[in-house]
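Enquirer: Assemble chain B onto chain A, guided by the hints.
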Amino acid sequence: MPRINSPAELKELRKDILSKRDPDKPCITLCSGTACHASGSEEVAASIEEEIKKQGLSGKVDFRKTGCHGFCEKGPIVVIHPEKICYLQIEPKDVPEIVSQTIKEKKVVERLLYTDPTTNEKTVHEFEIPFYKNQERLVFGSNGKIDPKSIDDYLALGGYSALAKALSQMTPEQVLEEVKKSNLRGRGGGGFPAGRKWEECRNAPGEIKYVIVNADEGDPGAYMDRSLLEGNPHSVLEGLIIGAYAIGSHEGYIYVRQEYPLAVENVGIAIKQAEEHGFLGENIFGSGFDFTVRVHRGAGAFVSGESSALMTAIEGRVGEPRPKYIHTAIKGVRDKPSCLNNVETWATVPLIINKGADWFAQLGTEGSKGTKIFSLVGKVNNTGLVEVPMGITLRDIIYKLGGGIPGDKKFKAVQTGGPSGGCIPEEQLDMKVDFDELAKAGSMMGSGGMIVMDEDTCMVDVAKYFLDFLSDESCGKCVPCREGIRQMLKILTNISKGEGKEGDIELLEELSQVTRDASLCALGRTAANPVLSTLRYFRDEYEAHIKEKRCPAYVCKALISYYIDPEKCQACTICFRQCPAQAIAGGKNQIHVIDQERCTKCGTCFEVCPPRFGAVKKISGEPVPPPIPEEERMIARESKEK
Amino acid sequence: MSEITLQIDGREVKAEEGMTILEAAQSVGIYIPTLCHHEKLEPYGACRICTVEIEARGRTNLVAACLYPVEQNLVVRTRSERVDKTRKVLLELILAHAPDSTELQDLAQEYGANKARFEKEPSFCILCGLCVRYCAEVKKKNAIGFVGRGTRREIIFIPEIASKECWDCKECFPLCPTEALQAAFLLTKALMAPAPTSAPESEE
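Chains A and B are the protein sequences, given in the same order. The numbers in the first sequence follow the numbering used here, run straight up by one, and end at 642. The numbers in the second sequence follow the numbering used here, run straight up by one, and end at 204.
One chain only, chain A, in its complex shape (with noise of 0.2 Å):
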């Protein structure tokens, strides 16, 4: 591949790219994201290259394997260039009818449309499905359109010429000054000003200065930075080099998991190419320019994703956070002014230097502009990822996007930020999505995970679930952090099992003042976060916790009993043959009754209950009533010619 050595150059190889394409001709894409590789998509890819050949369509047709499209809860998908045609959860028995039908015939293949759930009605176009259509895809669109270890596919969709303007048209400071206008904010949780920080780092002394991808997405439930990095990775890298030209950085760092395999390899990918283009390296569009990015694979310690512990990590030490009184953008990898942001931050830069801050800062809302991808998962119908403009409520995400609670169940509570974010209750739907209103609800953006819980989920559970993800996270470094934590899950655990006392809610709320003025990186400052809103919104379940030992909720083992409604009960056996405990006693037209004793409370015979008896019953916080003598269990069945 020659090196592009301008502006000019990238133009004529865009276009000889292009001249190659013809727009008209029939592409067959696939997502081949992590999400969809695990529902099979690798399969569906072989039987698509097969057919294609069997059908003697070789060359007729183009298939190109993409990144994540979000819509994970129908993958794999299919899409159909240039009409768009999206099928969805295929499998590779359908392939060949998508091949000789839609390829050769250009018909639809119905059944492979998505359904409206309520109105049963079919959509063609992947852009008219509602999961797609309320979103504005501006960072995650290109996924869908391009092969991740592809730079033409990147090329072809105007790749690099960001990067091209900003070294031949911009100085840094002009290309700093965008940024500040746009007033783009950090994407990877703290939602600091991007160009507040790069002039910092800017402006730091010292000639060596770096610039860091922060790819250690960690948060369960999250993966908009992995799908975004295996997906686009040029996006990134882009960015990247166009924030370091604005900084002054000759070197840079994208710090990935080692967890996310498919991640490494295709941002490795992007980056050789990248420099065989000449768009990494020295002189870069012949400006005098030099960078280069090394690839930093992360061990696996959730509190790496703190920006420094990440430098210390990289530095080839414990990733453990430390005192940031002096800005990393001043001091940070090898006490060298360092300037970290988030894959999503960096991906969006591009954007910016090629429509302008303005065109930017009049998408979302007064403090947060743009948009942001949410991995939207939990009880909810379409989960994936979604890229909406700041400021849409989350209702609309929800139902609009994300097509409501699962089983007409009735939604509960959204927890957003990841494991320090917190809980918002459905009085709160309402809200604007962005960084400071969010703030103000008890939660926070974090990196974007949104967590949909519905009425079956116990909030003192989830908080202790959260904060026993945390202590084991927790770097265990400084005592507020490693012992708040420690003495929260305790209290919890104890409220959970039916052992809470008077004050322990105002000793968690103690623990929690104290956990989040001493500790000593943000992990600890926000660790109190689940508690704390699911406290302020969610009080009185506590109360029944401690005070009834009643689980409202129905989740907390220790506070809950099944028992069989003997008014109820047909004598089916089902339960009696499932439960793993032997608990059940009955048989043939005996009622069924629960041994409490021996019941380990796995809610089997609660699920297989026929709905048509709906006999199985959760108890909690009132005793079971007694059994009914055996004498009177027998049921007298009226007779069937009657």
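The hints are simulated quantities; they were obtained by calculation from the structure and are not laboratory data. Please note that a few of the clues may not be correct.
Quick list of simulated restraints, FRET-style, between CB atoms [unchecked claim]:
1) E607/A x F173/B: 15 to 23 Å
2) E3/B x D540/A: 56 to 64 Å
3) G356/A x E16/B: 29 to 37 Å
4) D335/A x K140/B: 14 to 22 Å
5) R79/B x E177/A: 39 to 47 Å
6) S123/B x F127/A: 23 to 31 Å
7) R334/A x G112/B: 38 to 46 Å
8) T188/B x E622/A: 49 to 57 Å
9) I17/A x N73/B: 54 to 62 Å
10) G112/B x D436/A: 34 to 42 Å
Here are a few chain B residues that sit away from chain A, every Cβ distance over 10 Å (derived from the structure) [said to hold, decoys possible]:
11) G29
12) T51
13) E55
14) L93
15) E103
16) A108
17) Q109
18) G112
19) P122
20) Y134
21) E160
22) I161
23) D168
24) L186
25) T188
Since this is a predicted model, take the numbers as computed values, not measurements. Glycine included, each C-beta is placed from N, C-alpha and C at the ideal position.
Expert: Then chain B, alone, in the frame of chain A:
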């Protein structure tokens, strides 16, 4: 080095740029309690007992005095209701691990900390890291280190190094705010552990 004037507990204090609040306070005899601090070692900021209240740029904040660099016109309060309350809870948290340490008990008395507030888990060690850092930074032996993360963090002697280096040193013992019990115990245990099956790599 330029001179900086700040206010600590109402007193005007002169300090040099680069000094911490703790150093500035100590230079004029103002006492701030510490547990993980040692003048021969790099500031660490783990025990947080040195937490003080500062006023800077119109905001009040709690910071660790052993780490926070002095600033012109900074206002520092080494005692306040919020500071005392924080120190009290921090002491209660570590007293659960080392209820009999006299150093901790003295502090507990000062701040009204109740050593029985949290369930006892006597590990003796409060993970201040003085032994670990002294061995690494001053002795440069790294015979003792941290293992584990989060609530499972603990200190451990590395038998291969400890069996060579520790017998004639033991300089870490008197540093321990919980009276070296844990250090001694762990050292003994490490030395008594069966020899590793494969010969340790030679350092030379």
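Enquirer: Could you run down the list of hints and mark each one as holding or not?
Expert: Hints, verified against the model:
1. Our hint of 15 to 23 Å for E607/A and F173/B is violated, since their Cβ atoms are close to 59 Å apart.
2. A hinted range of 56 to 64 Å for the beta carbons of E3/B and D540/A is consistent with their spacing of about 57 Å.
3. Roughly 46 Å separates the CB atoms of G356/A and E16/B, a value that falls outside the hinted 29 to 37 Å.
4. Distance hint check: the CB atoms of D335/A and K140/B are about 20 Å apart, consistent with the given range 14 to 22 Å.
5. Distance hint check: the CB atoms of R79/B and E177/A are about 46 Å apart, consistent with the given range 39 to 47 Å.
6. Between S123/B and F127/A the beta carbons are some 59 Å apart, a value that contradicts the proposed interval 23 to 31 Å.
7. The hint said 38 to 46 Å for the Cβ distance between R334/A and G112/B, and at roughly 44 Å that hint holds.
8. Hint check: T188/B to E622/A, Cβ distance near 55 Å, so the stated range 49 to 57 Å holds.
9. The beta-carbon spacing between I17/A and N73/B, approximately 60 Å, falls within the hinted interval of 54 to 62 Å.
10. For G112/B paired with D436/A, a C-beta distance near 38 Å keeps the hint of 34 to 42 Å intact.
11. The non-interface label for G29/B is consistent with chain A: the shortest C-beta to C-beta separation is roughly 24 Å, beyond 10 Å.
12. Against chain A, the non-interface label of T51/B is violated: not every CB pair exceeds 10 Å, the least being about 5 Å.
13. Even its closest Cβ contact with chain A, about 15 Å, leaves E55/B beyond 10 Å, as expected for a residue assigned away from the interface.
14. For L93/B, the non-interface assignment is contradicted: its Cβ lies about 4 Å from the closest Cβ of chain A, within the 10 Å cut-off.
15. In this structure E103/B is separated from chain A by more than 10 Å, as the shortest Cβ-Cβ distance comes to about 15 Å.
16. No beta-carbon of chain A is positioned within 10 Å of the beta-carbon of A108/B; the least distance is around 14 Å.
17. Taking the minimum C-beta to C-beta distance to chain A, about 19 Å, the non-interface status of Q109/B holds against the 10 Å cut.
18. Separation of G112/B from chain A is adequate, the least Cβ-Cβ distance of about 14 Å exceeding the 10 Å criterion.
19. Residue placement check: P122/B keeps its beta carbon more than 10 Å from all beta carbons of chain A (closest about 14 Å).
20. Look at Y134/B: its CB is around 16 Å from the nearest CB on chain A, clear of 10 Å, so calling it non-interface holds up.
21. With a minimum CB-CB distance of about 19 Å to chain A, E160/B clears the 10 Å threshold, and the non-interface call stands.
22. Every CB of chain A is more than 10 Å from the CB of I161/B (nearest about 17 Å), matching its label as outside the interface.
23. Taking the minimum C-beta to C-beta distance to chain A, about 28 Å, the non-interface status of D168/B holds against the 10 Å cut.
24. Residue-level check passed: L186/B sits 17 Å from the nearest beta carbon of chain A, beyond 10 Å.
25. At the 10 Å boundary, the C-beta of T188/B stays outside the reach of chain A, the nearest C-beta of that chain being 24 Å off.
Hints 1, 3, 6, 12 and 14 from the list above are not met by this structure, while the remaining hints are.
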